[in-house]
Amino acid sequence: MRAGPIVLLVWGALLWVHTGLQFVFGTNATQVALLGGAGTACVLAALAWWALRAWPPRERVYVVPDLSLPTALVAVGLAAALVGAELGPTLIAVGAGCVAIGAGGVVRELRAERRR
Amino acid sequence: MVDTRHEYARVADAYLPVALVVFVLVAGAAGYCLLRWRVREGRDLEPSRRHQNAPLEIAYVAGLAIVVAALLTLTLHVEGREDASARQPALRVDVTAAQWTWTFAYPGTGVVQEPPEDRPTTLVVPAGRTVVFAGRSADVIHDFWVPDVRFQRQLFPDHTEHFDLVFAKPGTYQGICAQFCGLEHQNMHFDVRAVSPAAFARWLARRQAAPA
Amino acid sequence: MSGPAVAPPPEAERPSPAADGGLVARLGSTDHKQIARTAMLAAGAFFLAGGVLALLMRAELARPELQLLSTGDYNALFTVHGSTMIYLFMVPAALALGLYLVPLQVGAPELAAPRAALAGLWLYIAGGAVIYLGFLTQSGPGRATWIGMDPLSEEAYTPGTGMDLWIFGVILATAGSLLLAACILATAMRRRAPGMTLLRMPVFSWTMVATALMVLFAFPVLIVALALLWIDRQYGGVYSGNSGALTYQHLFWFYGHPVVYVMFFPFVGAVAEVFATFSGRRLFGYAFFVGALLLFTSLSMSVWAHHMFTTGQVTNRYFATTSTLLAVPAGVEYFDLIATLWRGRLRLTTPFLFGLGFLLQFLVGGLTGIWVASPPLDYHVNNSYFVVAHFHYTLFGGSLFGLFAALYYWWPKITGHLLHEGLGKVHFWLTVAGGNLTFFPMFFLGQDGMTRRIADYPDRFATLNLLSSIGAGLIAVSVLVFLANVAVSRRRRRPAGPDPWGGQTLEWATDSPPPRLNFIRPLPPVRSYAPLWDLRHEEQRS
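Chains as they are written, first to last, in numbering that gives the first Met the number 0: chain P, 0 to 115; chain U, 0 to 211; chain G, 0 to 541.
Treat the hints loosely; a few may be bogus.
Unchecked claim - Selected chain G positions facing chain P (in silico; Cβ < 7 Å):
# : residue
1 : 136
2 : 137
3 : 163
4 : 190
5 : 198
6 : 300
7 : 462
8 : 463
Stated by the list, open to error - To spell it out: a stretch of chain P is covered by chain G in this simulated footprint if at least three of its residues, at any positions, have a beta carbon under 8 Å from a beta carbon of chain G; those stretches are:
#  : region
9  : 3 to 15
10 : 25 to 38
11 : 62 to 68
12 : 72 to 83
Derived by calculation from the structure, the hints in this document are not laboratory data.
C-beta: ideal position from N, C-alpha, C; glycine also.
Chain P with its partners taken away, still in its complex shape (with noise of 0.2 Å):
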């Protein structure tokens, strides 16, 4: 499957040639970093899926359990610890406990994964 990577190769390409029709008109290093540098990053990453397109491998059919109450928890505790960041350090302490608490718990989501 190399769809992906062809998909984001076209469009890095694309962006690189509005940023070189913005050198016709004159113009700044700000404005040619943005676009050429997003431009650059989706190349970067069309050869970065491209030198990962056996990954993960294709026969290894993964079974994703129905409930990641875990995965919920990392997302809830990173918001909480980020917003501790203004509201006061108990918050990032709680935030943080989720964070461990729901990161343990999808590592052993994943080893359960991997024996089936």
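Guided by the hints, dock chains U and G onto chain P, whose structure is given.
Just chains U and G now, with coordinates in the frame of chain P:
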């Protein structure tokens, strides 16, 4: 001398008819399809199976590109005129925007128009002459907008922005801060009084003699 | 019309707590359909909240002078209204639609990386909650506009916790959207059914792919810009002086323009599917459509500084050129949409009506978009009500009509029962009347010199503002009619069957709602972007 109100009308007069024609064409085509090929009682239709027509689409794209190119040429031409600075402006005015007042200084004369109590500052200019404005902000971004001359320019802190304007006819116009700048943004107005060049010279002399 | 749903053999269905849609499933299901439904529900709630804020604003603006609100409150209202509608409603709603439908359209049993989507959902909901938490702080919520324009958003000019919460909320919601988009892209690229090459992917899925590309390469810039803004507010020195203010605008708009198309393209795709289905034809000019899509979305990444024409500090000529050039791929899409109706067999259902509404209402926004892409015109109308009218025609006239077209079209697939057609048509006409009455007068207000973001205005603008406020009331009624429609059809429960409309893409080849792993019966062969259309015509022939 570039009259921004006139230039705006020039571009608008080209863009508006194109926009209206396009709208009518699209609405007309969609309406025609509805009238012609809508399923009604006692009428059934066999839909066309043709789902591409490359030559037609290429021709259409070419036509579209010509219209776009024409509009763009006009826009770039006028943009070039408006943003070129006048070689010999009749007057320079330094604009300072601050939350939520305007100050206008006439360099070399010592005349400064400051906001009176609870009223907008008045900017006095000679009508029919090119005035170069040098604007800056003392705090957040403000935006010098005079709707009557169809022109605005954002004013930044630590940066002097130059732009030319012509107030073609004598009269009083309203100036507005168009960039949201905090609590009293909606009241950050100024008045523009454009007077004949002779009257302007008299006004300036009077102000120099008796500073407000 | 197809017959009733064929009951699937029970053993084929994986036992799934997600199927009942209970609270636990809402919290943690890894089923893309459940994640998408929760995201849509959250987006709907934020839409209602943002709508209430808009009604408060229009109530204040119905007459000149201040009646209901202080200027400070008004500033908070439009800040949270804009932030809600963009960060918390339209972007997540568009992505949720893709999250539900892309796996179905490409014939995948599951999402690629469903955990990432689940995390994205909760980051988004948490972000929304954090923005609204600002209402509980002493300083009130953020009040530096939805773009958080620097230096106004700095600590010195907008102090208070509410503004910081706004920053965190937007960062979280945007990070959530990023994860959802990444999952959609990966699914469309890696989990397509056998036979579905890239150029056989349904057009809605293509628009979601293009949308995901914009999200992936523009949204991170917003996260960086806002993280830096927070650091600036805490420690100072990040955005300082002219270059700081200008840099913030560049970073913000590099996100802020593509996001407009993130809220547009999914609905172009949805309307294209709706037109094809109710015209009984395959989408006309598919290859041109997809090409225009990729060109348009890439070009949309290079137009951002047309929001900065009036700074005098960007290369206006380049951005005027790229912005105006957008008319070409947009024109191709319009051409293909109308050509799909040409010589069709048109069935005037509610989704089709909303699709037509999208076509014409967005056109007003698109044509005035060409207007503001011209610097000499923008020098006048920028930051005026003309711009407010313009982008509400794109977001209300475009995105919202497109979203309703999509909802009416896919509602039977998602819930298993049909919405009421009669109420749907009432809803449509009320939305048309309310939308135009609210937003059309704003073009004249802006042209005549009424600036944005003001709670009070000169008396000469009174009549048009009153009309606009009456229109806002009509919009509120139209939304109530939609909610009534949802309630009525929930009670009525008219079963939809797998394919109530005669659809063309794979989501109509499975039950409504689809089972946990989407497809039980073998998929039909995929030989074009409209496999079910092919199948129907082969049956006719034989």
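Among the hints numbered above, which are violated by the structure, and what are their numbers in rising order? Checked against the structure, the hints that fail are numbers 1, 2, 4, 5, 7, 8, while the rest are satisfied.
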